[in-house]
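Protein chains in written order, with our numbering: chain A, 347 to 811; chain B, 3 to 102.
In case anyone wonders, no lab produced these hints; they're calculated from the structure. Mixed in with the good hints, there may be bad ones.
[Unchecked claim] Looking from chain A toward chain B, a few residues come up when the C-beta cut is under 7 Å (computed):
#1 G440
#2 S593
#3 Y711
[Unchecked claim] When the alpha-carbon atoms are kept at most 20 Å apart in a straight line, the in silico PhoX-like pairs for lysine-lysine are as follows:
#4 A/K713 / A/K604
#5 B/K90 / A/K715
#6 A/K802 / A/K672
#7 A/K680 / A/K761
#8 B/K93 / A/K686
#9 B/K90 / A/K788
#10 A/K788 / A/K798
#11 A/K604 / A/K686
#12 B/K90 / A/K797
#13 A/K604 / A/K672
#14 B/K90 / A/K672
#15 A/K672 / A/K798
#16 A/K761 / A/K802
#17 A/K797 / A/K761
#18 A/K672 / A/K713
#19 A/K715 / A/K672
#20 A/K713 / B/K90
#21 A/K761 / A/K715
#22 A/K761 / B/K90
#23 A/K761 / A/K798
Every residue, glycine too, gets a C-beta built ideally from N, C-alpha and C.
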Amino acid sequence: MRELFIQATYLAASVLFILGLRGLSSPVSARRGMNYAAIGMFFAVVGTLLNAEIITFTWIIIAMIVGSLIGAAISIFMPMTAVPQRTAISHMFGALAATLVGVSEYYRHFHGAGVGMDTVHMAALGFEVWFGSLTITGSFMAFGKLQGFIRSEPMTYKFQNFSNIALFFLTFAMFVFLVVNPTAYQVFYGMIALGLLIGVLLVMPIGGADMPVVISLLNSYAGLASAATGFVLGNNVLIIAGSLDGSSGFLLSILMCKAMNRSFRNVLFGAFGSSETAAASLASAQEKTVRSLTVEDAAVQLGYARSVIFVPGYGMAVAQAQHAVKELTDEIEKRGGVVKFAVHPVAGRMPGHMNVLLAEANVPYDKLKDMDEINPEFERCDVAVVVGANDVVNPAARHDPSSPIYGMPIIDADKARNVIVMKRSMNPGFAGIENELFYYPKTFMLFGDAKKTLEKLVTEVRRLD
Amino acid sequence: MHGNEIIALYVFVLAGFVGYQVITRVPPLLHTPLMSATNAISGISLVGSLVAAGADYGPVSRWLGAIAVCASTINVVGGFMITDRMLKMFKRDVKIEKTQ
């Protein structure tokens, strides 16, 4: 009877999770959907606590209190610009939980008076700790790069790809060996150690601009590790939730790769934006000149424009300029201009990063347009304002086969009548590629900190009459 | 072959398929909340950790389980809270609503 009740809570939880994700298909139903999912989670936890095998609650309660406090503190006090870091570290926590449960199951079944495990379960367990361990350190590296305590530029060395692939196959061999000989303790713990090492080595050569793909992939790995835990424990709700998480992460990584016109292989092993490409493209840029304009002139352009499209990029997030952008938007609209936002799928450091920042600054989501939706509108747009974006507006992606980003779908900011680019300096973006848009006759550069520049613009636009 | 494992595999594949269908409908606008939502949901590994931490499997399991409980609770509580905090910010244009 009790077992039946537990299974009923798990079934309810699975249904509620799917309903919850279904709610995310529109911002209108999203919050309600997430409440369903949270109720599902509550059911599943209550059901599990009724499990007859649980005899002591002391550690459970302590661990849950500590975990809740940490989780709540992070989500209350964290600034919205830090969402990518938080996501990366949460993949680490997820993978950590899966791996530890795996190790604990292994220990219970094979050490001391353990009863062993059949091949299928051992395969699931092996997969769980193998992928779990590399996701732990991989996510931590991603967290470090996003938080800034690990250099975000790609770190490369000789034979890097070769040694990474070799290590990966070595752990795969260990995994296969373990399925056949599960009692080989050294191999089991050795595989975890190597998995942890691979996680570090895999993310090390990946640059900041590729983080959206990496975060999505790690999301998928963490999900797969949870699903494997479900196989080991014979727990269907774990399998379902892990599978949902895994497919979501996988789908997002495919979308991100498409948005950059690159393959997984290229992202993982390409070390995009390493110093060599940057040096080559800088040399060719020396001869050309850019035109900059004063804040006053920019204010006149914006104040009398009928349609303005902002193109936000990671630079906006770094400068925390989203609120200033919103203020400027309000001023332009007060003067009768129409303002929209063009959001590239890989703008920022994770999928949807720019949307969250602008929503935080109270920009209504009707104004946040996807690339495909907004691109035809640039031809009728008076001024396109590029705030801290670079590669996603580089026209070379369209016509220059020698460019590293050739073929990447871009925001057509160059088709607007005038383009204002806000940029810290003339340094190339993360991919280290020169942007010809900056040298167009209709492009004007506004150098300086995006936030301060935008605030000055707001004052200047207010002064117009 | 074991019947239960085959059923588990069915569940995994079908759930992945449902996930794919549901998630393709999520607009890029909500991709960040989507990721933190799936993250919160996969904090369900809490269910496995709870048993490891509370059952009579010996001290090693208990310790590993307790750390795992802590890690997954961070994801569950943090994940749902941050997702809600983000979704709360997505508002429609008031002016458009009035004219409609």
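What are the numbers of the hints the structure violates, in ascending order? Per hint list: 4, 7, 9, 10, 11, 12, 13, 16, 17, 22, 23 violated.
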